[in-house]
Amino acid sequence: MSESITQPAMIEPTRRPAEVVLAAQGVSKQYPVPGGTRAVLDEVDFEVVRGQIATIVGPSGAGKTTLLRCMAGLVTPSAGCVVLDGTPVTGPPEGLAVVFQDYSRSLMPWMSVRHNVELPLRGRRVGKRERRERSLAALADVGLSGNGELYPWQLSGGMQQRVAIARALAYRPEALLMDEPFASVDAQTRADLEDLMLRLRIRRNITIVLVTHDIDEAVYLGDVVLVLGGSPTRVETRLPVGLGPDRDQIRTKAEPEFLEIRSHVLAKIRGHRGGAE
Amino acid sequence: MARVAATFAWLTGRRLAGIAVELWLPILLFAGWWVASSGSASLYFVGLDSILGALRDDWLGEAGAANVLPSLRNLAEGFLLAAFIGVVLGTVLGLVRPLGNAVSPIVEFLRSVPGVALLPIGLLIFGIGSEMKVSLIAYGSVWPILLNTIDGVRSVDAIKLDVLRSYRVPAHLRILGVVLPSAAPRIMVGLRTSLSIAITIIVFSEMIGSTDGIGYAILQAQRNFEIPQMWAGMLALGVIGYLLNIGFRGVEQLVLRRHRAMNTTPGS
Amino acid sequence: MTAPGALLRRAGARGGGAGGVKVLTVLGVLALWQLLSSTGALAADVIPSPAAIGVSLVGVLGGPEFWQALGLTLLSWALGLLVSICLAVPVGLLLGASELAYRSCRFTIDFLRTIPPVALVPLALLLYGATTQMKLVLVVLGAVWPLLLQSMYGVHQVDLVARETARSYRLGRWLRTAFVVLPSAAPFVFTGVRIAATMALLLTIGAEVIGGAPGLGAAMALAQTASDIPRLFALVAASAVLGVLINTVLARVERRVLSWHVSQRPSRG
Numbered sequence: 001m002s003e004s005i006t007q008p009a010m011i012e013p014t015r016r017p018a019e020v021v022l023a024a025q026g027v028s029k030q031y032p033v034p035g036g037t038r039a040v041l042d043e044v045d046f047e048v049v050r051g052q053i054a055t056i057v058g059p060s061g062a063g064k065t066t067l068l069r070c071m072a073g074l075v076t077p078s079a080g081c082v083v084l085d086g087t088p089v090t091g092p093p094e095g096l097a098v099v100f101q102d103y104s105r106s107l108m109p110w111m112s113v114r115h116n117v118e119l120p121l122r123g124r125r126v127g128k129r130e131r132r133e134r135s136l137a138a139l140a141d142v143g144l145s146g147n148g149e150l151y152p153w154q155l156s157g158g159m160q161q162r163v164a165i166a167r168a169l170a171y172r173p174e175a176l177l178m179d180e181p182f183a184s185v186d187a188q189t190r191a192d193l194e195d196l197m198l199r200l201r202i203r204r205n206i207t208i209v210l211v212t213h214d215i216d217e218a219v220y221l222g223d224v225v226l227v228l229g230g231s232p233t234r235v236e237t238r239l240p241v242g243l244g245p246d247r248d249q250i251r252t253k254a255e256p257e258f259l260e261i262r263s264h265v266l267a268k269i270r271g272h273r274g275g276a277e
Numbered sequence: 001m002a003r004v005a006a007t008f009a010w011l012t013g014r015r016l017a018g019i020a021v022e023l024w025l026p027i028l029l030f031a032g033w034w035v036a037s038s039g040s041a042s043l044y045f046v047g048l049d050s051i052l053g054a055l056r057d058d059w060l061g062e063a064g065a066a067n068v069l070p071s072l073r074n075l076a077e078g079f080l081l082a083a084f085i086g087v088v089l090g091t092v093l094g095l096v097r098p099l100g101n102a103v104s105p106i107v108e109f110l111r112s113v114p115g116v117a118l119l120p121i122g123l124l125i126f127g128i129g130s131e132m133k134v135s136l137i138a139y140g141s142v143w144p145i146l147l148n149t150i151d152g153v154r155s156v157d158a159i160k161l162d163v164l165r166s167y168r169v170p171a172h173l174r175i176l177g178v179v180l181p182s183a184a185p186r187i188m189v190g191l192r193t194s195l196s197i198a199i200t201i202i203v204f205s206e207m208i209g210s211t212d213g214i215g216y217a218i219l220q221a222q223r224n225f226e227i228p229q230m231w232a233g234m235l236a237l238g239v240i241g242y243l244l245n246i247g248f249r250g251v252e253q254l255v256l257r258r259h260r261a262m263n264t265t266p267g268s
Numbered sequence: 001m002t003a004p005g006a007l008l009r010r011a012g013a014r015g016g017g018a019g020g021v022k023v024l025t026v027l028g029v030l031a032l033w034q035l036l037s038s039t040g041a042l043a044a045d046v047i048p049s050p051a052a053i054g055v056s057l058v059g060v061l062g063g064p065e066f067w068q069a070l071g072l073t074l075l076s077w078a079l080g081l082l083v084s085i086c087l088a089v090p091v092g093l094l095l096g097a098s099e100l101a102y103r104s105c106r107f108t109i110d111f112l113r114t115i116p117p118v119a120l121v122p123l124a125l126l127l128y129g130a131t132t133q134m135k136l137v138l139v140v141l142g143a144v145w146p147l148l149l150q151s152m153y154g155v156h157q158v159d160l161v162a163r164e165t166a167r168s169y170r171l172g173r174w175l176r177t178a179f180v181v182l183p184s185a186a187p188f189v190f191t192g193v194r195i196a197a198t199m200a201l202l203l204t205i206g207a208e209v210i211g212g213a214p215g216l217g218a219a220m221a222l223a224q225t226a227s228d229i230p231r232l233f234a235l236v237a238a239s240a241v242l243g244v245l246i247n248t249v250l251a252r253v254e255r256r257v258l259s260w261h262v263s264q265r266p267s268r269g
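Chains as they are written, first to last, in our numbering: chain A, 1 to 277; chain B, 1 to 268; chain C, 1 to 269.
No wet-lab data here; the hints were simulated from the structure. Careful, some of the hints might be misleading.
[Said to hold, decoys possible] Across the chosen pairs, the derived CB separations fall in these ranges:
1. C:Q157 - B:E62: 43 to 49 Å
2. C:L126 - B:L23: 30 to 36 Å
3. B:L80 - C:L126: 58 to 64 Å
[Claimed, not checked] One side only, chain A facing chain C, incomplete, derived with CB under 10 Å:
4. Y31
5. P32
6. G36
7. L74
8. G91
9. V98
10. D102
11. S106
[Said to hold, decoys possible] With the Cβ distance kept under 7 Å, some of the chain A side facing chain C (calculated, not the full set):
12. C81
13. G95
14. R105
15. P120
16. R122
17. G123
18. A137
19. A140
20. F258
No residue lacks a Cβ here, since even glycine has one placed at the ideal position from N, Cα and C.
For reference, chain A alone in the conformation it holds in the complex (with noise of 0.2 Å):
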């Protein structure tokens, strides 16, 4: 298990050669506060290939989220860059879609699901016939097939969150951005949409980026784990995981490797409280 910072991820070697879609280049992040700066990110340096899924995890306050914001351009970055399929960002980029954490404020209550859904591609220019057929597979992909013409508020909160996903999912973007998407849900909806992510990915063949606090969910999801940590915040390790495509809530967890990983995550994160202390 290498612990190195910037090396590419080969996780397995008899794909072709790997495609980096996003990068983060030495991202540092500062806010002011009165008497100074705060530094919330320290040079954070890491890659995501084409179809992976990269899991962010750390401590509570750790950045997580500023980091995730810096990469999908809602927040400029005091020093480094992002760099999305070679183009740096500087402001939301077309090629990104954002999964919020808080989905009943990230959906429009005034609108349906499927108008919910349709929103960002009336923003592409997208034309009608297309947007229907669009937002009808994305709803379909994430198994919420017929519910279009409900509004959010019916919906549960793990529904209302696959409405999200959909939204994102039509959307076609190159990589997929979600904050904590499941840290509001219960442990059983978590579940399910953990495997929804799996599924998705195997079907379509999307980059996720996912931050989490959650460290089995990280694992279970990830090909590669990135551990934060320190004050201000670094990217601490960088974990391969090699448990291939298809997973199982149960099978997965209790395999070896995924638990030597898991431990090992844990243990930088505790380590990591310890020495703050």
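Given the coordinates of chain A, assemble chains B and C onto it according to the supplied hints.
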């Protein structure tokens, strides 16, 4: 030391800019009013300087006190009466739901009577005088307080109430210790609305059947064609109303300070 | 921000038998009142009995002057409200959108809105005399403030996550405004309309009572000087009914337009 200086500069720099943003428009408008009206030959839109002169003469100092104090006294009496009735009645109607529900159509009807329409009735019942004004103010101002109290009392966190009941805390302690403090922000909203209504009522109640007060003074000035005095009165009224609102907001901050601290979630 | 009155009504309407209780309560109160009046406990020339008011009301409703006066009041009210909305809502939405504009205007608006519009009656009388025009001017001067403030506030309150979502999907200005900002602000604007409607009615009748402009308020003042007390009460009751009707209609419209909003949804357990 350098950090202290930096903090200070940051704070005051921010502060100064913040104040400037809020004040540039009023100052500009005021100056514009002055300039636009200074050469005015119009009968009704007189120069700002004459208005300010009338303001100084009639509305500050002794003459001012004679106009303003009676109004303020009636306002305070009426408002406090409304506050008392509103909170007490509102708590009862809010907590005893069947009663509140049964009485709601009557409340809806009574509160829809436009305050102005009560002026003739008030004159009839009480004649000219402070009693009429105080009663009118009380009647008109009680509704927002009543309704907001009912609302606030009914939306007390049910979990807290269950905890208290399971510990068999007696009713009066429940109400004073938990229900009212919980409902306090909502009640404050009602009080604030009522204050504006009370100010409106005192003004128009003094325009008919009165021999003193702010409203009386403004109307008299208009009847005697003392235009600068009329404008001065309106300006004075605006200032008084504004000061009352600020004063109220100060009281509100004080009362709700603990409430706010209680309700911010730690470490978000 | 739900109107407490609407909350009361909804809460009361939820119980099936509660409607019956309400009717009984109203009848009970009326009966008690009638009793007090009949026994002379309530002086008849101060507060007439419900029966006397009822008789007078029937007479009032039968005569054409009432309907004319009502029409005049309603006309000033509706026109004034409409003008206020057309003036204040767009301006408020625009001002609310810019942080700089919001903070620049806040002090001025805060000050101007604390001037009770009734204080402007003398001025309006000077300028326009006791006419419908005077009423209109007064209504607009008073009703624009809640609309302006609520619109500004509504735009300001657009949910942060919703805004970030729109930004992350690069929605253009027009799309953002039409699909995110305006619907978000709509509940606030509607509250502003309700407040303004009540204020407009108050101002119309106020202008009529104090200024003598033609309308319901003038009829009330007339009844008072003629010492026709039951008629006075009947007219005041009619104005209250008018207020209730207006509120009910507006609440209905709001329920339709804002059917998606939290306040209008059937509450979950």
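For each hint, the structure was consulted:
1. A hinted range of 43 to 49 Å holds for the C-beta pair Q157 (chain C) and E62 (chain B), which are about 47 Å apart.
2. Roughly 31 Å separates the CB atoms of L126 (chain C) and L23 (chain B), a value that falls within the hinted 30 to 36 Å.
3. For the pair L80 (chain B) and L126 (chain C), the supplied restraint of 58 to 64 Å is violated, since their beta-carbon distance comes to about 35 Å.
4. The closest approach between the C-beta of Y31 (chain A) and any C-beta of chain C is roughly 17 Å, which is over the 10 Å cut-off, so the hint fails.
5. Because the closest C-beta pair between P32 (chain A) and chain C is about 18 Å apart, greater than 10 Å, the hint is violated.
6. Interface hint status for G36 (chain A): violated, as the beta-carbon distance to the closest one in chain C is roughly 25 Å, over 10 Å.
7. Interface hint status for L74 (chain A): upheld, as the beta-carbon distance to the closest one in chain C is roughly 6 Å, under 10 Å.
8. The closest approach between the C-beta of G91 (chain A) and any C-beta of chain C is roughly 8 Å, which is under the 10 Å cut-off, so the hint is satisfied.
9. Annotation: interface hint on V98 (chain A) holds; nearest CB of chain C at approximately 4 Å, less than 10 Å.
10. Interface hint status for D102 (chain A): upheld, as the beta-carbon distance to the closest one in chain C is roughly 5 Å, under 10 Å.
11. Satisfaction of the interface hint for S106 (chain A) is found here, the shortest Cβ-Cβ separation to chain C being roughly 5 Å, below the 10 Å cut-off.
12. Taken as an interface hint, C81 (chain A) does not check out: its beta carbon lies about 18 Å from the nearest beta carbon of chain C, beyond 7 Å.
13. The beta carbon of G95 (chain A) is not positioned within 7 Å of any beta carbon in chain C (closest approach about 10 Å), and the interface hint is therefore violated.
14. Hint on R105 (chain A) holds. Least Cβ distance to chain C is approximately 4 Å, under the 7 Å limit.
15. At about 4 Å, the closest approach between the beta carbon of P120 (chain A) and any beta carbon in chain C falls short of 7 Å, and the interface hint on this residue holds.
16. The closest approach between the C-beta of R122 (chain A) and any C-beta of chain C is roughly 6 Å, which is under the 7 Å cut-off, so the hint is satisfied.
17. Evaluation of the G123 (chain A) hint against chain C yields a held restraint, the C-beta minimum of about 4 Å falling below 7 Å.
18. For A137 (chain A), the interface hint is violated, since its Cβ never comes within 7 Å of a Cβ in chain C; the closest pair sits about 18 Å apart.
19. A hinted interface residue such as A140 (chain A) counts as satisfied when its beta carbon comes closer than 7 Å to some beta carbon of chain C; here the least separation is about 21 Å, so the hint is violated.
20. Residue-level restraint check for F258 (chain A) is violated (minimum Cβ-Cβ distance to chain C is 32 Å; threshold 7 Å).
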